[in-house]
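Participant: Listed here are the chains, written in short residue letters.
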Amino acid sequence: MSDSHAVAVAEHGAHEHPAHLRHHFVSLEQQDETASFGMWLFLLTEIMFFGGLFTAYLIYRNWYYPAFVSASHTLSITLGAINTLVLITSSFTMAMGVWCAETKKQKGLIWSLIATIVLGFAFLGIKTVEYKEKFEKHHVPGSSFSIQSFVHPVAEDGKAADKALPADTAARTEVYFSLYFAMTGMHAVHMIVGIGLLLMMLVQAIRGAYSHGNIAFVENFGLYWHFVDLVWIFLFPLLYLISRH
Amino acid sequence: MSTILNLPDQATARVPKRNYLTNENGIMSWLLTGDHKRIAILYLISITFFFFIGGALAGLIRLELLTPQSDLMASDTYNKIFTMHGVVMIFLFLVPSVPATLGNFLIPIMIGAKDLAFPKINLLSWYLYLAGGALTLGAMISGGVDTGWTFTTPMSTHFSNTNVITTGLAIFIAGFSSIFTGLNFIVTLHRMRAPGMTWFKMPLFCWAHYAASILMVLGTPVLAITIVLVALERTVGIGVFDPTKGGDPILFQHLFWFYSHPAVYIMILPGMGVISEVISTFSRKRVFGYTAVAFSSVAIAVFGFFVWAHHMFIMGVSNYAVLVFSLLTMLVAVPSAIKIFNWAFTLYKGSITFETPMLYAFGFMGLFTIGGLTGVFLGTAGTDIHLTETYFIVAHFHFVMVGGMLMAFLSGIHFWWPKLTGRMYPEKISQLAAVVTFIGFNFTFFPQFLLGMLGMPRRYAAYPQEFQVLNVFSTAGATILGVGYLLPMIYLVWSLKYGQIAGNNPWQATGLEWQIQSPPLTENFTTIPIVTQDVYDYEWLERQKEHEVTHVG
Amino acid sequence: MSENHAEAHEGEHFHEAHIVSPKVYFVIFMALLVGTALTIGASYVDMGPWNPVIAIAIAVTKATLVVLYFMHIKYSSKLMKLTVGAGVFTFLILVGMCLSDYISRAWGQW
Amino acid sequence: MGLSPVIWQFLVKWMVSFAIIPPEASRIAPQVDALLVFMTLVSLVGLTLVGLLVTAFSILYRRDRNPVPTQIEGSTLLEATWTIIPLGLFLIMFVWGSVLYFRIYTPPPNAMNIYVVGKQWMWKAEHPGGQHEINSLHIPIDKPIQLTLISQDVFHSFSIPAFRVKREAIPGRYTTVWFEATTPGTYHLFCTQYCGTAHSAMIGDIVVQTPEDYKMWLAGSTSGVSLAQNGERLFSSLSCGACHNGQPDARGPSLANVYGSKLTLTTGSPVLVDEAYLRQAILNPSAHITQGYAPIMPTYQGQISEEGLISLVEYIKNLNSNYRVQQTLNTTELLPEQPDKGAAKGAAMQGVAKP
Ligand code: HEA
Ligand code: HEA
Ligand code: CUA
Ligand SMILES: [Cu+2]
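These protein sequences, in sequence, are chains A, B, C and D.
Mapping of the first sequence onto the numbering used here: residues 1 to 245, in sequence order.
Mapping of the second sequence onto the numbering used here: residues 1 to 553, in sequence order.
Mapping of the third sequence onto the numbering used here: residues 1 to 110, in sequence order.
Mapping of the fourth sequence onto the numbering used here: residues 1 to 355, in sequence order.
Worth flagging that the hints you see were computed from the coordinates, not collected in a lab.
Keep in mind that a hint or two might mislead.
Estimated spans, in silico, between C-beta atoms of each pair [claimed, not checked]:
| id | chain 1 | residue 1 | chain 2 | residue 2 | range |
| --- | --- | --- | --- | --- | --- |
| 1 | B | 323 | A | 204 | 51 to 59 Å |
| 2 | A | 107 | C | 30 | 38 to 46 Å |
| 3 | B | 141 | A | 136 | 38 to 46 Å |
| 4 | A | 62 | D | 109 | 26 to 34 Å |
| 5 | D | 109 | A | 164 | 40 to 48 Å |
Ideal Cβ placement from N, Cα and C applies to all residues, glycine included.
Construct the complete structure from the given sequences, taking the supplied hints into account.
Facilitator: Structure below.
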């Protein structure tokens, strides 16, 4: 009954197949390693995806340094730092979630996921506040963009006003804000997708789907979530912390 | 021309009753399949469809260029047609051509696996492809795009009022289809090899796909983000590429070509894999310098990332960058030369027969060499100034893409047709088609080198009188070429029902895929093989010959 | 069977999944927080051209910690390490070679 | 013959006018062609080699003659051969081609400058003497001509096949190309970068004339106002002089002799003042502030057309000499052989950078 004598035949092994071992894999280890390798390759595509944006950022930062400095001063370091904190913490809770899944602690997993979701929403909430402020100040690139606040800066809540920019330099802040919105926007989109998956995972976890060792999804999602964190680790200093002194 | 058809089981042959085609019935069993072979067939059908769309557009281009005036259509229409021709041919035909069909079908079998690592993602990839294709067609019907397939800014962001965003979205989606295919291949090749199937026992087809997959995974996302930025520039009005806002339009080209140069190697590498298999099989010899060919694929993939700015020599990049990129372009051309010579020497002391796949492979070698060497003309900074943006480029890339990759695709389709369908294609007429294609091809595109030398610019709906003669040649050739492509379409469909039954291994080839029944079972192997033989081990095959071949199905 | 299988993957054995202890996670978490504080603090100090360098250096360190520990690369196979390396390499090629054009444009004709 | 008369006519026409390279009408053209011929020969040799190998092996080792193949592993020596030889050849092409590239794009210091603006879908040439041309360019033979190109909208590309030169016209940036025509005649000018609907209509003629004819053409097509004069008009109507009046207490630096000089910016870095710098200084003055001055100059972005900018740039360039004198001159005196007569004056008027 062999296909031919061309190939020697491997004994398939009569051991019990776990329910979630898919037919084309030999063993669970193979299946899990395969999944995480696939996930990593996907993350490579994400690196390159953001890579295009980082390239643009670095170029224009060099070209229009003064404009970038002034524009970055309109961002609130406090909000940015809080958000960094939130995101790093959510990364930690996610890591804990993975650990709980690995050690089959269903309760712990559920609470970790909830914490991660809450922190994810918190991040997006703060981001929304920041975006809203940009809209109000006409710092959103496009037809409503206005350089007024750079040409005629006003001191606000205690902070001294920034130096006024000449009109042509001020116009370059639009490039900064274009990149700001493109980069944080893409990052936020990834967060939203991530939160969606987290919610799905939470439902599954409550149903007990990850209590039997089939936790590849949790582990791989963990990788994704850490990657999103990782992007932010770069975005925060690049966008918020240009020359604060 | 003789044939090596040696079918011990042909007298009693029937197509095995149980195989991946008959395993399940009904349209849903196809649309929801996880079987890499079925997905390959789905891809084959959709890709062929888009090839003929692209081909029909090419026909219109050639018709318009028959006369110097733009009399068949307005120049706007012409611009939309060549844009659509380029977009369809590149993103919907050539990029997925070999990988998504033959690669999908064969890679798991060649390495002794039951399926690709992620069957569902494989299916998703096909749906993404379809979505991209549908959107492209939608954009085409609802007014088209007129930016050229390169979407140069600020043309595409501020000066075109056509469906740039729809088409961009289509390419974005099709791009993810390509990313998932590549991702699947890499993981499969690393993780799913059968016991004993070491890297250096893998057929070169797998090596070539491995290299191409690296490019797909690492290159395509950059195109994706570029498209996003173009879309944002068009809709919101952000200022990343817009010179009036301080952006640099050349940055767009950097990002675009960072993908699109590697993409040309995405397009050619799988074809090179096909050629390795075909040449080895029909000269019944191990591929000369297996390791060199394997590593040259990887070298092309790696170096392919370093040369993109050779598309921008006169576009305003710095002179230093021109030097560096020109030098690197020379380096990336060498691995291709290595391959060509190794294939030629595979023939040495072989036992050669000339079935259709082999004819196409010869066509590939000749035409790709011409195309590749003219690529070196373009990579040389000084001559690129004269030749760039002329028909010389059009000729260059049609030689490598049509003369190279399309020939390789047809070669592979004929070669593995028995495995795909269990039936042989008709040999005589297909040999004729191969010859017609070769002749038609040269008639179509060789004159374009001369046109380019003379300075005829590309993307011209109307051209000065003196270029007409060569253009008439080209159009006449395209007609022949069209016939050459329609023929296989007809006889391959015909052979589905009336073709001779193929048996397991009509070519007496060594790959694992030939050691199982044709068409294969859904699970490919009833038991996972343990590979003991070497790659392209014809002596081992000889030793196996006396054994009777039995069917499973 | 699985032994045979493992043979095929020279050097990329299927590892027994390594479970990272919460302690490690916590230490890394703290390190990340410290890194964040450092990078904010550093931005208020005038170091001339070194400001961005320091900022990037801290970010890279933080990212490395995340990749190594949160993402388990430290405990993964060589193949995984190589994969991450390949991604970073290609990223650097994109950024580096693009920037090389922009920087050398300012050098004038030659 | 069996050939239909139409096809026959065609073939005849083709045989008669057959050419595979356009006329060589510039100094650089033979040099480009030499490299092209070299590459073609190398390619032919390579192609023949591959063709011969494939054909010979196909004949010698076909199944009928050689039923039993001999398995060969490979040969390191051969691999090295066909790695090193093509690499060597490619490197020769690279070096040769790069040298050529720099020759084509490095204008000699005495080149005569003509401005070209590309826009959808026409070429506008602005001669220093004030002659405007659309979709054509008149130039004298045996004189290095430098084109300063810019686009007003999308990318265009200025291509003269007979000269073997081509340069992209980029929105928002000056690029240059130069050539020296050798043979009088009319040659194609193409826009080779795809630029939208009428891309294929963005063509024109390069009219290469003998110095005498060229002089006549110059005289016959002048508008009476040179570029620099036009620039001066703009200069006063935009009241640039309010700050750039050359007085010691002026708010802006004196612009006389600024062209071609090396300025030091407030950042401490030096810049060479060329056309591109002047254009940037008008549009984005605060991007590079000259040492000793405040960033008070307003931006003129969106207020001056590319042609206007060209005039201003040409005017500021001409301030290197005594422009008040030139201003009174009639532009018809801007003759090509004038540099020989009145070196400084004539040179300045033609926009020549430095004697
Ligand atoms: C399958 C697709 C494919 C492939 C494989 C290639 C392969 C190559 N291409 Fe091509 N190229 C395109 C598709 C492809 N190209 C497309 C689509 C465009 C235009 C895009 C657009 O603008 O629309 C383009 C444009 C293009 C340009 C830009 C021109 C311009 O815009 O000005 C350049 C410049 O360097 C170039 C170079 C090369 C080189 C050096 C190779 C090399 O890889 C070739 C290597 C092969 C060989 C060298 C042949 C084998 C050699 C031998 C057998 C040795 C012979 C022996 C001796 C020399 C002794 N190509
Ligand atoms: C895989 C890629 C691929 C393939 C296979 C082809 C195939 C062909 N291409 Fe194309 N081509 C491109 C990729 C490709 N092309 C790209 C990327 C561009 C650049 C676009 C741009 O500038 O943006 C281009 C541009 C391009 C031009 C230049 C347009 C211009 O710059 O103005 C021309 C002109 O001759 C041309 C011709 C052809 C011809 C005759 C074929 C033939 O090989 C096709 C033969 C096939 C058929 C004819 C189909 C079979 C027959 C039928 C379906 C019946 C109907 C037939 C008729 C109506 C005649 N192509
Ligand atoms: Cu202007 Cu094409
Ligand atoms: Cu390329």
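Participant: How does the Cβ-Cβ distance of residue 107 of chain A and residue 30 of chain C compare with 38 to 46 Å: does it lie in that range?
Facilitator: violated, 25 Å
Participant: Residue 141 of chain B and residue 136 of chain A, beta-carbon distance inside 38 to 46 Å?
Facilitator: For residue 141 of chain B and residue 136 of chain A the Cβ distance comes to about 42 Å; the hint holds.
Participant: Verify the CB-CB distance for residue 109 of chain D and residue 164 of chain A against the hinted window 40 to 48 Å.
Facilitator: Because 42 Å falls inside the window, the suggested range holds.
Participant: Given the hint of 26 to 34 Å, is the C-beta distance from residue 62 of chain A to residue 109 of chain D inside that range or not?
Facilitator: At 31 Å between Cβs, range holds.
Participant: Has the hinted range 51 to 59 Å been met by the Cβ atoms of residue 323 of chain B and residue 204 of chain A?
Facilitator: holds, 56 Å
This entry does not satisfy hint 2, going by the numbered hints stated previously; all others are met.
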